[in-house]
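Asks: If you want the building blocks of each chain, they are given just below.
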Amino acid sequence: MANDREVLREIWDGKLPICFQLAQEEIMDIQQPDPFYVMVPRLSYFPLVIDKMKRHFLRYISQENADSEMWLDYNDQPLKWHYPIGFLYDLFCGNDPQLPWTLTVHFTKFPEDILLHCPNKDVVEAHYMSTVKEADVLKHRGQVMSTMQKKDHSQLWLGLQNDKFDQFWAINRRLMESHGDSEGFKYIPIRIYSDDGTCNQRLVSPKNNDGSRKTLQQMISELYPEKNDFNLRTHGIILPLDTPLQWLSEHMSYPDNFLHLCIY
Amino acid sequence: MSSSSSLLFSINNEGKVYALSTSGSCWREFMYLGLEFKTLSAVPHYLWAVGGDRQIYLHVHGLEIPIRVKEESYENERWLPLEGFSGRLLPTDRYHFSSQDGTIDRSIDRIRLPSMAWQWEGDWQLELTLNGQALDHDGWSYAVDFPANFCPVKQWKSCVRRRKWIRYRKFSAMNSWCAIAPLHKDPTQEPFIDISIGGNEIPYASPGTLSVWSITAHGRVMYRTGVSTTSPEGLKWINISIPPNCDIRQISVGPSGLVWALLWTGRTIVRKGITKDCPTGDGWLEVKSPTETKLSVITVGYNAVWAVSSDARVWFRKGIDGNLVGCSEIAAMGSGWLEITGNMVHISVGKNDQVFAIGESDKCIYWRSGITASELTGKRWRMVQANMQLSRTSSSASVVSSASNAKHHSLTTLSEATPELKSNINIHNSWEESHSAPIEHTLPLKPPKLKQSKGKVEDEKIDLTGKSYETTLKNPRAWSPVRSVGSVVGMEAQPDSDSSVFDVDSGMYFDEEVSQTAWGMCETTWTFVDAGACFVDNMQIPHWFTDIQNAHNYDLIAKWRIQILDSLKTCNKFHGINLSKYGIAIDEKGWTRSCEARLVNNNNTCEDSILSLYWHSLENIGTLSVFQPDGTIKFILNLGEVTSIFPCSEPGCPRLSLLVPRQHAHGIKVQFASEMEQEEWLCLLVEITSQINGLSGKPSPKSLWAVTNSGDVINWDPKAIPFNSDNKGVYSKEFQVFGKDILSGLITNLNNNFPPGSSLKISGCLGDDIERFHINLQGPEIKKQRHKIEVEVTDIALHFNVRFDEATVVCNTKTSGSWGIEERHDLLLQQGHEFSIKIVCQPLGFEICVNGKSYCFYEHRLSPESITSVLIKGSLKLYTMEYSTTSVILDPDEIVWRIMGGHLRKIECSQIGVTWGISHDHRAWVYTGGWGGGVLKAISAKDGLNPITDTQTYCVYENQRWNPLTGYTSTGLPTDRYMWSDITGKHKRTREHTKLLSRHWHWISEWMIDYNTPGGVDSEGWQYATDFPAPYHGKKLFTDCVRRRRWYRKAQIMTEGPWVRAGSTALVDISLWSNSDDTSVWAITLGGEAIYRTGVTISTPSGIHWEHINSPEPLIAISTANHIVWAVGRKGELYYREGACKDNVAGTNWKLIESPRCNNIYSHKANIGAKLVSLNRHSAWVLLSNNAIAVRTGITRDKHDGNHWKCLTESEMTFKDISSIDHEIWAVSNDGSLHRRLGITSENPTGSVWQLVHSGPIVHVSSRGSSLE
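From first to last, the protein sequence lines are chains W and F. Residue numbers for the first sequence follow our numbering, beginning at 1 and rising by one. Residue numbers for the second sequence follow our numbering, beginning at 10001 and rising by one.
In short, the hints are calculated from the structure, not lab data. Among the clues, some could well be false.
[What the hints assert, rightly or not] One-sided and incomplete, this derived list gives chain W residues near chain F with beta-carbon spacing under 10 angstroms:
| # | residue |
| --- | --- |
| 1 | Pro17 |
| 2 | Asp29 |
| 3 | Met53 |
We treat Cβ as the ideally placed atom computed from N, Cα and C, and that holds for glycine.
Based on the provided sequences and hints, a complete structural model is requested.
Replies: Here's what the structure looks like:
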């Protein structure tokens, strides 16, 4: 059970200072727009935090583009909105931290082949809930999500959207409980990303065959037998390799209930 | 009743007894006597064992108050013409000394101690009260003849008289081993091989019943008669015959009294027909063993029987039903064996049907996890891992030193002193009877002479035992305790080292096994385990299982975890970046929530509505809007004006009550669609209102506590509101009057009264065409029953009437509804002009200033203390109204109550913040300083929150009427009450339709007939009467036409709250009082005995232990203040504790207090008893049996019983609870509203009027911490 509140709180409070700049070619005003600075929760998603920024830049762009979908890039790499912000930062800047994180805002030339469209926040919610469900299937064969009521689901989402730790964890706690006597999840919902952005998702049990707790080290040597020297990063930190997976999953999963680790 | 901690007993391979407390995590060795134990059996507090010498030993432990038994004898005398009253009675009369009904000879010289384990407390004493009335010093009461009603006064027709002698005996062998007499003179002739105790939950049996069975080496089954919680050793062994060719090796008695016995051949037999009336049963039945195996251990639970076979397989017997074992053979025998995984060599079932076993290979103790009422076989075996206390058998030094303690001293003196009083002849006899051989082995009666000489020998022997006691103990091995029959073997437990074994109080401040040196994880192999006394709650598993508990603790200090936390913390600091220019991505904004609910009106009808809650945490504002289904607004509440939120559900109707005194006099009741929704809204509303009012965490010691009728605890912390005081003892308040309608009269409740020193300032502007206006300083509205109920103000202390039409000012007073003589003054005011009026109350009268100039002086005709409100009426506009007075002005609008969590019946707080509560099942709890729990779970941190349970009993009455054809049937007359009803008969109540209040309640029993209904019952539980409603009696008489019986069913609530158990003693009342350096806690036990708690301080609010005080009569209520103690007896009489002072808390003896006699309308009923008392430094507030309140004044340290009674007569209000401290008196009226007494001063200790502060429903209040000045 996720009962280490200190760690949970620290992760929840994790924020990133971001500097948004409007792409040069889109500026239609004579005046150069000021960059937009904002502190963004690492656990959140971009579509949830950019309303103000969008309003800030709208008046500098051509009005015909005002209704088109906005997208972001970092160093010319489009950012996928359906990943948590903190994970995107770890993926792109993990090795070479630069704060504030400077992102470019675009209103045109939507990279259809790379990004999914995100017309409104409901799409984010739908995506988020489906990821949580997937994680629950891995952890509890989906039993927890299916016993929850609609309002529990919406409380989970609203807690994340409104940055309310207690509201969110009141529900998420149930998702992080282990059931039965096994004292562990069935499988750990985990995604491991290489620095080229490719994702690896496999069935990982929280226990070794002898019943002991599986550590990160043990998992990696199972999944990547060839890797000897590596680091795993999430929430901006390098994880100690003797951390038990079960604990990691309970405490350091993103709100979508997945562990998103960057390996390099 | 389950205690907060209970004990699991076991014997290791050396024959030593160990105990493991459910609240601890270490095995502690039980007192070692130089005697190994073979087997043992336990129920809570009572442990029976077979020693290495194959004799039976009893150990009573963990009881907080001693076992005391009152012996009574009535001395009867008859008046004879010449001699007057004498002990010579008529031949047809009763014995000179008899029982109450005269049928049993009770000569006091023949009433003896049952065994050496008992000792007398004091000598025979006369009882000097009869039904609460004092008798003469010789205690006689008189009657015309036996049997008749006795009265205290001798009359001409009184032919007989009697008086009652009482003497208490106490079980002094507490916390020590007590040898039970062997079956024969030579203990080796027929030793014992097994023992079992159970029967503590025999269906319908009276509380305290126990049954003890044993097996002798000759294979005989013995039953111990007369064993109960008040007679732990019972009377004697009787032999229970067994079927031929049965050689029994083991026996087990379950809590339901069910007995299973195991033969050497591996077969099992079951005793059938065991009921409350026949605890020994009436025959044996054979149960087939599982095929191809021999059973070696059997253990009986309530709804389960478990066994282990000789090949170490574990078996569960299905189909056992503890409720029906007495009447159904199937329920006693079960229906089949079920093999359970695991290999065990021993097994034991505890309370709750929890199972413990000893593993075959490792000889460790295992607990079967996951056993619930629906899944009796559980899930898996989990090893009990607890540290061991290293053996202290070598510490003979402490054994010797304790031999000189007071208890043994008194034992020695006891055996020396008693022979004086008693004739030696009978001593032997009584021992023989109570302890020795079973009946069929009783020796033939010997001639008295022989008996007498034998008696002397016996007597000397006892004496010897007493003297040789200390010497024998030095070498316990060489001494066979059995030689001294029924004597106390061993000694008091060592309080320093044994505290956790016997101290059931190790609650909040329980130190997790401090000393590391004396404890170790040494390998122990166990041979025997008994769980009969062990209560393991599946919801709250003891800290015995290292596999879960320690894993997490270990994680907290793991290197990787610290590394992660440190990196996270560093990561969240952004060095070198100026964060001030960064905006916040997610705006704090208000949020709304809405749901459909129903508004409950006063007449219990509902209207559909939509609730919408808006909350903005930054601005700290919240509103609750109530819309009609069509979306139109019904009303909007500012949540800052809500003073109290609490559940007021009825079965099937989850409801919340909101008090908003500023807007709705009766509050608002909302019914939700589901319990979940109700709890969610309760949680939200409590959270928001607490935040608005700045309430959180532990309330201040000045808090006032109350309990609502749903058992919820609410608290008001006066610290949270500012009292407008100028520091000179003057309090003032400005009322919002601007813009109010004065034309039809504006009544302003002062929320206080108007004693000398008070003043009222009014300013405003008179209308241009005003003809008259008046200002009334008046008393409370009183309901009058005329054609309909009307409300009228009967007392107006000052009527100030300005008449422009008559160009005069009239002052007058209305007393009890009639006006007095007018005083007229010249008119100073002018129509259409601004004005100001100031009324100052002075000791002799009102000084009235108009427009800043002294205008007139009006002498008091009515006491100004009776003024509670101001009425202003006339065509004018008011600007300001300011009121100031000499004591705190408490506006109910500002008294914000917070629901604290937990489920209690009664609460008592004190001025240092120590707060105790009593739940409905009479358990005592102490406040931990936390807040929330249960349905309030999301509110705050979990600090101080513990799981708590409470039990309530639901009763329904089955009523029947007799008719000549069919006898008693459930067809009543058309005018009769419901055939299934509540106690009044007015409401229909059936067993099937009795619903629980919420999903947190669950039934813990079936519907059962109550054989303990007051008034007595027959064998089927019926009570008879001539008609409904009439006094009911247990025996059917010729004239009886109706009968009823009571069914009951118990329900339990499981919740959480900031409370922790304090002691295991069941309490009915408690009183706390503290000053700066001292706290006294007195309580009344369920048995009516007074006890006080030692060692209660701010840091240890639960104290150390109870000290016990003898009382002449069972008590029902108690109160203490300033080291004075008052108590109420069961018959309504009042006592105070003489000699109680700071240095002698216990005092010396109880003294009767003159009963409340007041000259008022209630007094025509003779002798109204008291129900409840609340004592403060100067007065005692007593709730009488007619629910009126009487006050005893003039109490001082020198005069504990005060000097005057005064009844509160100014209103016809009746009350159900009262609490007082210094000048704060709060009471709960019978309609459930909470009131505060106004106008209490040193000169007027009874105050003047009641002020309504909470419309309830409240059942209990404690103002013992609150002194508002």
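Asks: If a hint holds in the structure, say so; if it doesn't, say that too.
Replies: Results of checking the hints against the structure:
1. Pro17: 5 angstroms, holds
2. Asp29: Since the shortest Cβ distance to chain F is 21 angstroms, the answer is violated.
3. Met53: 9 angstroms, holds
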